[in-house]
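Student: Residue-level listing of the chains:
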Amino acid sequence: MKFGVIVFPGSNCDHDAYHVVSKHIGQPVDFVWHKDTDLSGYDAILIPGGFSYGDYLRAGALASFSPVMNAVKDFAADGKFVFGICNGFQILCETGLLPGALMRNADLHFVCKHVNIRTENTNTPYTSELEKGKVLSIPIAHAEGNYVCDEETMNSLEENGQIVFRYCDENGELSPEANPNGALSNIAGICNVDQNVIGMMPHPERACEEVLGSNDGRDIFRSLAKAITAAEARV
Amino acid sequence: MKAKVYVTLKPSVLDPQGKAIHHSLESLGYRDILDVRQGKYFEIALDDAAGEAEAREAAEKIAKEVLTNPIIEDYRVEIVQ
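Line by line, the protein sequences are chains A and B.
For the first sequence, numbering that gives the first Met the number 0 assigns the number 0 to the initial residue and increments by one for each residue that follows.
For the second sequence, numbering that gives the first Met the number 0 assigns the number 0 to the initial residue and increments by one for each residue that follows.
Because the hints were derived from the structure by calculation, they are not lab data.
Incorrect hints may have been included.
To be verified - Capping the alpha-carbon separation at 25 angstroms, the derived lysine to aspartate or glutamate pairs in DMTMM-like fashion look like this: (1) B/39 x A/106; (2) B/18 x A/176; (3) B/63 x A/151; (4) B/9 x A/150; (5) B/39 x A/149; (6) B/39 x A/54; (7) B/9 x A/149; (8) B/18 x A/149; (9) A/72 x B/72; (10) B/18 x A/54; (11) B/18 x A/150; (12) B/9 x A/106; (13) B/39 x B/53; (14) B/60 x B/77; (15) B/60 x A/54.
Claimed, not checked - Interface residues of chain A toward chain B, partial, derived using beta-carbon atoms under 8 angstroms: (16) 57; (17) 93; (18) 99; (19) 100; (20) 102; (21) 103; (22) 105; (23) 107; (24) 147; (25) 148.
Only a predicted model underlies this, so the values are computations on that prediction, with no experimental measurement involved.
Even for Gly, the Cβ is constructed at its ideal location relative to N, Cα and C.
Work out the full structure, taking the sequences as your base and the hints as a guide.
Tutor: Okay, structure coming up:
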């Protein structure tokens with residue numbers, strides 16, 4: 000199994016993602032430059048956090064037009080795994096690989112803190128190692144994480160189990176107070192209908208070792224590694 | 000020739016920045032302000048050799064495909080000589 004971490008001008012969580020895959024998942028991983036177009040040989044692509052292209056125009060917008068993202072669209076269409084974190088989530092929404100959009104936080108602040116998120120669906124390649132309802136402590140660091148979509152999209156997200164994580168309090172209860180950015184229905188992370196593409200605003204790659212305050216993020220990467228192993232066995 | 004492109008949030012989308020500006024205006028003593036919405040403005044210089052219809056078509060395409068996120072934003076294009 001092999002992971003690729005995409006690097007845009009302005010990515011700043013690329014090394015964290017690389018570190019987690021190599022150290023905690025123990026698998027080979029490459030950096031993939033945004034001008035590259037060949038993703039053959041990879042089983043999963045991580046789109047890391049940061050400020051690609053300085054967040055100019057809209058967060059994630061200019062990155063979504065970069066050459067590598069055309070390759071990522073084909074990669075996702077082949078059923079391979081694409082995992083967007085923070086800016087990566089914004090980029091996936093801008094490319095249309097995930098529905099909806101991420102707007103300026105409701106209180107306009109850049110919010111950087113640990114939050115609690117509740118696991119809403121454990122039948123995805125990214126959450127199979129988690130229990131339903133499990134509360135994870137994962138940091139966020141963003142100014143544009145306010146998830147919005149129209150009612151029709153919201154209904155289909157619910158019906159298809161595409162809402163993977165929601166912001167909650169430490170007991171797993173949803174409330175406006177536990178919602179750090181005003182996201183619709185406390186949405187912290189969603190997947191596509193086929194569940195091979197996921198995006199989330201919280202940073203699980205920053206929560207994989209106790210010294211950083213939480214290792215709750217590890218199970219997400221472990222789930223993905225397990226899904227890749229299962230996919231390899233099917234070939 | 001120049002294309003002026005105005006990008007605004009859809010009326011159904013909340014605009015927290017516009018709201019914050021509205022509050023500041025009120026605290027500065029401006030009265031009778033009902034609402035403030037913040038948007039973006041782009042000027043695209045185009046070769047005069049292209050006719051106005053062609054320029055409009057190009058600007059509309061750019062506005063639609065790049066300058067706007069259709070989920071949350073609308074756009075309006077003006078062509079000026």
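Student: Decide, hint by hint, whether the structure agrees.
Tutor: Hint check:
Using a Cα cut-off of 25 angstroms, the hinted pair residue 39 of chain B and residue 106 of chain A holds, with the two alpha carbons roughly 20 angstroms apart. Taken as a hint, the residue 18 of chain B and residue 176 of chain A pair is honoured in the structure, with Cα atoms around 20 angstroms apart against an allowance of 25 angstroms. Taking the CA atoms of residue 63 of chain B and residue 151 of chain A, the gap is about 22 angstroms. The hint holds against a cut of 25 angstroms. Taking the CA atoms of residue 9 of chain B and residue 150 of chain A, the gap is about 15 angstroms. The hint holds against a cut of 25 angstroms.
This hinted pair checks out: residue 39 of chain B and residue 149 of chain A have alpha carbons roughly 22 angstroms apart, not beyond 25 angstroms. Between the alpha carbons of residue 39 of chain B and residue 54 of chain A the distance comes to roughly 14 angstroms, so the proposed pair stays at or under 25 angstroms and holds. The suggested pairing of residue 9 of chain B with residue 149 of chain A holds, with an alpha-carbon distance near 12 angstroms, which does not exceed 25 angstroms. Taken as a hint, the residue 18 of chain B and residue 149 of chain A pair is honoured in the structure, with Cα atoms around 21 angstroms apart against an allowance of 25 angstroms.
Between residue 72 of chain A and residue 72 of chain B, the direct Cα distance comes to roughly 23 angstroms. Compliance with the 25 angstroms bound is thereby established for this hinted pair. Our distance criterion of 25 angstroms between C-alpha atoms is met by residue 18 of chain B and residue 54 of chain A, whose separation comes to about 22 angstroms. A distance of roughly 23 angstroms separates the Cα atoms of residue 18 of chain B and residue 150 of chain A; the hinted pair therefore holds under the 25 angstroms criterion. Among the hinted pairs, residue 9 of chain B with residue 106 of chain A is consistent with the structure: their alpha-carbon atoms are about 19 angstroms apart, no more than 25 angstroms.
Straight-line distance between C-alpha atoms of residue 39 of chain B and residue 53 of chain B comes to about 23 angstroms, which keeps the hinted pair within the 25 angstroms bound. Only pairs whose Cα atoms come within 25 angstroms are accepted, and residue 60 of chain B paired with residue 77 of chain B is accepted, the gap being roughly 13 angstroms. Pair hint residue 60 of chain B plus residue 54 of chain A holds up; C-alpha atoms about 22 angstroms apart against a cutoff of 25 angstroms. The closest approach between the C-beta of residue 57 of chain A and any C-beta of chain B is roughly 6 angstroms, which is under the 8 angstroms cut-off, so the hint is satisfied.
Because the beta carbon of residue 93 of chain A sits about 7 angstroms from the nearest beta carbon in chain B, less than 8 angstroms, this interface hint is met. For residue 99 of chain A, the interface hint holds, the least distance from its beta-carbon to any beta-carbon of chain B being 6 angstroms, beneath 8 angstroms. Interface restraint check for residue 100 of chain A: the shortest CB-CB distance to chain B comes to about 4 angstroms, inside 8 angstroms, so the restraint holds. Restraint check, residue 102 of chain A versus chain B: the minimum CB separation of about 6 angstroms is within 8 angstroms; hint holds.
A distance limit of 8 angstroms between C-beta atoms decides the matter here; for residue 103 of chain A the minimum to chain B is near 6 angstroms, and the interface restraint holds. Taking 8 angstroms as the C-beta contact cut-off toward chain B, the hint placing residue 105 of chain A at the interface holds, the least distance being around 5 angstroms. At a threshold of 8 angstroms, the smallest CB-CB gap from residue 107 of chain A to chain B is about 5 angstroms, leaving the interface hint in force. Using the Cβ-Cβ criterion of 8 angstroms, the hint placing residue 147 of chain A at the interface with chain B is satisfied: the shortest such distance is roughly 6 angstroms.
With 8 angstroms as the threshold, the beta carbon of residue 148 of chain A comes within range of chain B, its nearest partner Cβ sitting at about 7 angstroms, so the hint holds.
Violated hints are absent here; each numbered hint is respected by the structure.
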